[in-house]
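Enquirer: Here are the chains, one letter per residue:
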Amino acid sequence: MSVEQMYQDIIIDHYREKHHSGLRTPFGAEVHHVNPSCGDEVTLRVAVDGDTISDVSYDAEGCAISQAATSVMCDLVIGRDVADSMALFAEFREMMEGQGEVVPDEDRLEDAIAFAGVAQFPARVKCAMLGWSALRDALVRSGVELPRLPDDKE
Amino acid sequence: MLNPAAIRGDFPILDREVNGHPLVYLDSANTSQKPREVVEAMEAHYLRHNANVARAMHTLGAEATEAFEGARVKIGDFIQARSSDEVIFTKNASEALNLAAYTLGRRLGPGDEVVISVMEHHSNLVPWQLACEASGATLRWFDITEDGRLDLESAQRDGLINERTKVVSLAWVSNVLGTINPIRTVADWAHSVGAVMVVDGSQGVPQRDTDVNALGADLLAFTAHKLCGPTGIGVLWGRYELLAELPPFLGGGEMIEVVRMENSTYAPPPHRFEAGTPPIAQAVGMGAAIDYLNRIGMEEIAAHESDITARILSGLGALPGVHILGPCEVVDRGGAVSFTVDGVHPHDLMQLLDSRGVAVRGGHHCAAPLHRRLRVQSSSRASGYLYTTPEEVNALVEAVAWSYDFFNSRTGRKS
Chain Z
2 MSVEQMYQDI
12 IIDHYREKHH
22 SGLRTPFGAE
32 VHHVNPSCGD
42 EVTLRVAVDG
52 DTISDVSYDA
62 EGCAISQAAT
72 SVMCDLVIGR
82 DVADSMALFA
92 EFREMMEGQG
102 EVVPDEDRLE
112 DAIAFAGVAQ
122 FPARVKCAML
132 GWSALRDALV
142 RSGVELPRLP
152 DDKE
Chain U
365 MLNPAAIRGD
375 FPILDREVNG
385 HPLVYLDSAN
395 TSQKPREVVE
405 AMEAHYLRHN
415 ANVARAMHTL
425 GAEATEAFEG
435 ARVKIGDFIQ
445 ARSSDEVIFT
455 KNASEALNLA
465 AYTLGRRLGP
475 GDEVVISVME
485 HHSNLVPWQL
495 ACEASGATLR
505 WFDITEDGRL
515 DLESAQRDGL
525 INERTKVVSL
535 AWVSNVLGTI
545 NPIRTVADWA
555 HSVGAVMVVD
565 GSQGVPQRDT
575 DVNALGADLL
585 AFTAHKLCGP
595 TGIGVLWGRY
605 ELLAELPPFL
615 GGGEMIEVVR
625 MENSTYAPPP
635 HRFEAGTPPI
645 AQAVGMGAAI
655 DYLNRIGMEE
665 IAAHESDITA
675 RILSGLGALP
685 GVHILGPCEV
695 VDRGGAVSFT
705 VDGVHPHDLM
715 QLLDSRGVAV
725 RGGHHCAAPL
735 HRRLRVQSSS
745 RASGYLYTTP
755 EEVNALVEAV
765 AWSYDFFNSR
775 TGRKS
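From first to last, the protein sequence lines are chains Z and U. Going left to right, the first sequence walks through residues 2 to 155 as the numbering used here numbers them. Going left to right, the second sequence walks through residues 365 to 779 as the numbering used here numbers them.
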């Protein structure tokens, strides 16, 4: 895996122009997550309407991988119901933790399959998960009942 | 002049390839590489002389004790300590600074002040926060000037060091900015109000001829793994009269004099501060590292560091979109060169450089408050050592230029 393959155009495009960036109201919960090893950080808000994620907004600073992953995530989950969004979280995490062995479902993950190459660099998996982890935490804090995911640790 | 090409033969790891390119190791401020003779000294200790120290009375015990205490003498001589009893072995510089903060912290109370600086590594910051929280003392700090020097002027204006100050603790050389701090000046100021001067020598001791008396420190922390030695061992040097006043840090074997169920009395320094079986093989390795550095000469090493630093500063400084943090000339400046590249996050830069075999550090380098002060989220850092060549600096500069183009031609930021 070359570095050119890792930094695919999709990732660079999202890094250049982050979708849904900026903090918006109304929101149900706001969280602040950091990656202590490199200092990447994200403040993320989520708004839930019934069973649906009606908005995710964020203010983030970090590397191309963390920024693009958060941008792609927002494209995927805004307007999607909470349970299916968390199923996507699980699929994305499975791909990222699969060290390049997991074949992602492009119909489900869309642009997020571009991160499959990043999975071969264990030090960068945390970057790709930063926004997703923040989203999940924000959903919990906004009082939404989340389904248990297959890999969840007790 | 020191000849890095000849020195490199002593470091087998430097022959490695990384991602199809010759390794260019520019992360020595993080940890240095080890010469063969350091590894061999540790191997010989384990294979021929291994035993516990002090409490084992047999032949091997005597050999191990002699090797361990012999390393203490070498280290004391290396920093011109008056006696090897002033050399306390710890597991790293962080533990040495924690030892200092904990034991000095026992003497602190509300109304007392501890002074550090905004450029400290977390290891010379968090232990003092803990000491202040536990004692009710107040933590204060030096700011920096625009060019990354310690701001003595504003400190004097604000009376930063005053009759309430009990401890001043500063990095000798910043691990981010490379700034060499005027320790002697600050130490004289600290001593004039009766405060103890603690120095974090993690970056200074490996690169510079160290004389603890000239430096003006009362306590000096440093670590073996940044000076060609092994991980797992560091040192707190202290003026003996001060060490003799300080209470124990950790309790256990070897630090005692008489133990009864009701109470105990403690050994004199340095053993008072060395509870449990110490890092014996690591001390042997550290001693071998010091022999190695002495043979090359610390003045030669310091001159080489200046030469390499000047090359990094001029090479990176000439690139578009590169901004150097800290002093841009090699005046009172050590070898860590931190920088940012427009449009390329340090994490991404580190990845791109690594793909060309160039190893640098990206992040906040355990100095998050300093990065906040500099209004940057994180940075990349290149740092050489005695084995670093001018050709490696060229490889770094070329790789940074390539990374800038790689990102900015695609992200459309390049004008």
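Hint data in this document are derived by calculation from the structure and do not stem from the laboratory. Be careful, since some hints might not be right.
Claimed, not checked - Computed, partial: chain U to chain Z, Cβ under 10 Å:
# : residue
1 : Y466
2 : V686
3 : H687
4 : H709
5 : S742
Here a beta-carbon is modelled for each residue, glycine too, at the ideal position from N, C-alpha and C.
Enquirer: Each hint needs a verdict: does it hold in this structure or not?
Expert: Each hint, compared with the structure:
With a cut of 10 Å, the hint placing Y466/U at the interface with chain Z is violated, because the nearest CB-to-CB distance is about 24 Å. Because the closest C-beta pair between V686/U and chain Z is about 18 Å apart, greater than 10 Å, the hint is violated. Checking H687/U against chain Z by beta carbon gives a least distance of about 16 Å; that is not within 10 Å, so the hint is violated. At a threshold of 10 Å, the smallest CB-CB gap from H709/U to chain Z is about 4 Å, leaving the interface hint in force.
Checking S742/U against chain Z by beta carbon gives a least distance of about 5 Å; that is within 10 Å, so the hint holds.
Hints 1, 2, 3, counting from the list given before, are not met by this structure.
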